[in-house]
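Following the hints, put chain B in place on chain A, whose structure we already have.
Which chain is which? The protein sequence lines are A and B, in order. For the record, in the first sequence the residue sitting at position 135 is 181 according to this note's numbering, with numbers rising by one throughout. For the record, in the second sequence the residue sitting at position 103 is 149 according to this note's numbering, with numbers rising by one throughout.
Hint data in this document are derived by calculation from the structure and do not stem from the laboratory. The structure displayed is predicted, hence computed values, not measured ones. No residue lacks a Cβ here, since even glycine has one placed at the ideal position from N, Cα and C. Accuracy of the hints is not assured; some may be wrong.
[To be verified] Just a few of them, taken from the derived set where beta-carbon distance is under 8 Å, the chain A residues facing chain B: (1) GLU88; (2) ALA90; (3) THR108; (4) ASP176; (5) ASP219; (6) MET223; (7) GLN227; (8) GLU281; (9) GLN282; (10) GLN291; (11) GLN423.
[As the list claims (entries may be wrong)] Mimicking DSS-like on lysine-lysine, the simulated pairs with C-alpha atoms at most 27 Å apart in a straight line are: (12) A:LYS299 / B:LYS180; (13) A:LYS82 / A:LYS299; (14) B:LYS164 / A:LYS58; (15) B:LYS348 / B:LYS395; (16) B:LYS314 / B:LYS395; (17) B:LYS56 / A:LYS82; (18) B:LYS164 / A:LYS115; (19) B:LYS479 / A:LYS82; (20) B:LYS348 / B:LYS479; (21) B:LYS348 / B:LYS364; (22) B:LYS314 / B:LYS180; (23) A:LYS115 / A:LYS82; (24) A:LYS82 / B:LYS364; (25) B:LYS314 / B:LYS164; (26) B:LYS180 / A:LYS358; (27) B:LYS164 / B:LYS180; (28) B:LYS348 / A:LYS111; (29) B:LYS408 / B:LYS440.
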Amino acid sequence: MIDRLLDAARGKVDGADALWRREEQTAVSFESGRLKAAGISEEAGLNLRVVAQGRMGVAGTTAAKPDPKELVARARASAELGEAVELAFPNASPQSLPPIPTFFDRTANASLSELIRMGRLLVERLARPDCQVNVAVQREVADTAVGNTAGARGEYRATGIAVTADITRIAGDDVLMVYDQYVGADMPSDADLEALVRSVDTRLTAALKIVTPPDGALPVVFTPAGLAAVVLPLEQALSGKTVLQGSSPLAGKVGEALFDVRLSIRDDPLTPGRPLSRPVDDECVPSRCNGLVERGVVGQFVYDLETAARAKTQSTGNGRRGVFGKPHIGYTNMLFRMADGPQAGAQHAAPLPTLGGGLIDDIQDGLIVDDLIGVGQGNVISGAFSHPVGLAYRVQNGEITGRVKDAAVAGNAYDLLKKIGGFGTDGRWLGARWSPSLLLEGVSVARR
Amino acid sequence: MKDRLAAAVKLSRADYTEIRVERTWSSAVAFRGRRLETATVSEDQGGFVRVLNTGCGWGIASFTSLDELPAMVTRANELSRAVRVDEPIRLAETRPQTGDAILELDGDVRGVPLAEKKQLLDRYNGAMLAVSDKIVDTQSSYRDEVSEVWFVNSEGTSLYQLRPEVVVSGTAIARRNGNIEKGLESIGLRKGWNSVQTFEEQFRVVAQRAVDLLAAPRVRGGAYPVILDNELAGVFIHEAFGHLSEADFVYENPQAREMMTLGRRFGKQVLNVGDNGAAQGLRGTLPYDDEGTPTQDTPLIKEGILVGRLHSRETAAKLGEQPTGNARAISFRHPPIVRMTNTYIAPGKEGVGFDDLITDIKLGVYACGAFGGQTMLENFSFTAGWGYMIRDGKVAELVKDVVLAGNLFQTLDRIDHIAGDFTWNQMGGGCGKGGQFPLPVTEGAPHVRIEEALIGGDI
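Extracted from the complex, chain A is given alone in its bound form (with noise of 0.2 Å):
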């Protein structure tokens, strides 16, 4: 398809590449410990981008026969009334580039039943009084293939598997929910689904009670899934797109050191494992690993085609695109590490432990933020934050006192990365970030 497509653009525009993806998903939902539903989607659709008279157009379809040429006439529109750019389509075969497993057979091929059988212990081994337990198993094998007009091509066929967990209990008008999930490209393994129960249970346990929450500007553990608030800033700030356009603070601050020593950020696409791996973008550019904080000094930005061409650069491999529109800048799986300090592997998760990863021995009064409400409506690229806490516990003298409610916590990732107070012991995936949980210093907590 790509070929017929690329070869009907050849000869009509100056250079064009394009994308055909194919995705098939099996999904099962327990609501309430029931079974539920079960489901299939299947999904097929290309993207085609042209540079024609140095302008550059797009087109996507989902029909089920696509005409190349009445693709082809679309994203020459498209260009009639798109900007200048001078792309420089790679031309990178398919034996260079880097190998990766993405496919996993056990994945692929697992039955119905198998889903069932996942879902169906999760939901038995969560089950408590009065408690709702909801599940879903979500198994997805995609076909992608890419290719340009200067000659690149890559082909590769992935495979992921998500499930996730939910436990809602309400007492009286008390709501309290606690979720977990296992994303990866392999199915989890009997000890992987057993971590997402004891994830799930400690941290339903340790909430039972409710406290008082602190107020003031106090120590803070955020969780690998209470960090979203922190990363989210840098993600923006980090990405070509907004550096090119002059909204990311990072912006002129290659080499300067922002953060805290220890921090490192990378992007790694060639992670084993991991659903989003892959050996090529979606625009033909080699998949590699990039540093972009390294031992707290800002090392690069992530760019796709366009943006690395307007910005005088190269791409970085991070071009993503989706059946409609044009291919845009995309993270892949991004670690957040300290320097030296553990390895994120394709496991999903270490064993939990206990809450926090180890840094709440030495803190008198603060808290461990697990979930906060509104994370990414804020002013999001000016590091700044306020959110309510949607789990969120207590710590006194380096003991879990409790759960609290209605506190609201806000800070400056800026701020806060500048001198982290430790990096936890319990790394791990979620979604396509990994990270340990960090303790941060002076974040503001108010209570009604």
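Positioned in the frame of chain A, the structure of chain B alone reads:
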């Protein structure tokens, strides 16, 4: 198409079968700063099959290749039969509906050249950039669509709906040294080209506000009397209460049902709340939901008392209540789930205005506009676009980073004054739930006063 779907339904061996097919024509233009990002025209199409058998669960299939329709009906039936349930899933009775529901296109977007859409957005984007040299970046987008939806089920319902939509939105980023602020405008209408021609001033205003916020202090965290403007009050009722009124939250959960018992007092006498999918011309408006149930105005809170909730056919049957036309799916890629449509706080006494709400507040916050909101049922957050301190009964200085941290029961009960100045707020974007985002919804409210609410921030 209806005949093709009816034939496929007829061949189904399941006890209940429904098929939804969608074809969506859309065009989109986006600017980033002065640069055009994209200008595209797209067509997306696909189908969705859902079946149910006695003693079994739902079998679901979604697909982009309509040639596969008969095979997908068979596949969905197999999936349903693989799911054994102890307690049968029942669907509330509804009268079969047939007909075509064609919403007013108001200037069919399919007939307008893409170049004109680019010009329009260029004007709005340019209005933001022209405000100040401190506006360092903008993100502007125009998106329109005309969606055709066919729905046929095995109970005799056969519908065709034509739904237009148009959204223009802009974010202005202002920067002075390390300080970065944003202003956001977003207008979403279930209308067409004619309805989006005159918004320059709105775009200019949000860019100016982003610049003004550069000099504004952060609000000090703590508990204050708070007045919400119409827009934020709408987001508030959607987040704080609307999601809890969706019956899929309570129907399988005895404790939740107890918490949300009809007849329970949620607020003072002044509080009236509802959801109206049948309201004329709003973004959340639909003649029929995605199970073929006609939409309606559903009262949820009357004079402070919980009186209703939003249903799909399944949740209505389980709770022995009537379907309300709130089963919605964002596209053929998803099953219908219980969602809001146009949710509102009804206006208070006519003639009661903002001045009446503010006059006896010594120190408080006037929270305006909405960057967004999220709920975890009991607790929720909503982020104002900007705010002002209230001092001695008057609006005082501009403040930024105004985020309200709320508890449903405490906050609703603390609404003590509701003005008469109701407006619908037709934003772009939409609501997210169960992986389905963005669903077009509208919120409407007058100015609302909360006696005391928690605002996050430095203390």
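- Message: Flag every earlier hint the structure violates by its number, smallest first.
- Response: 7, 8, 9, 13, 22, 23, 25 and 28
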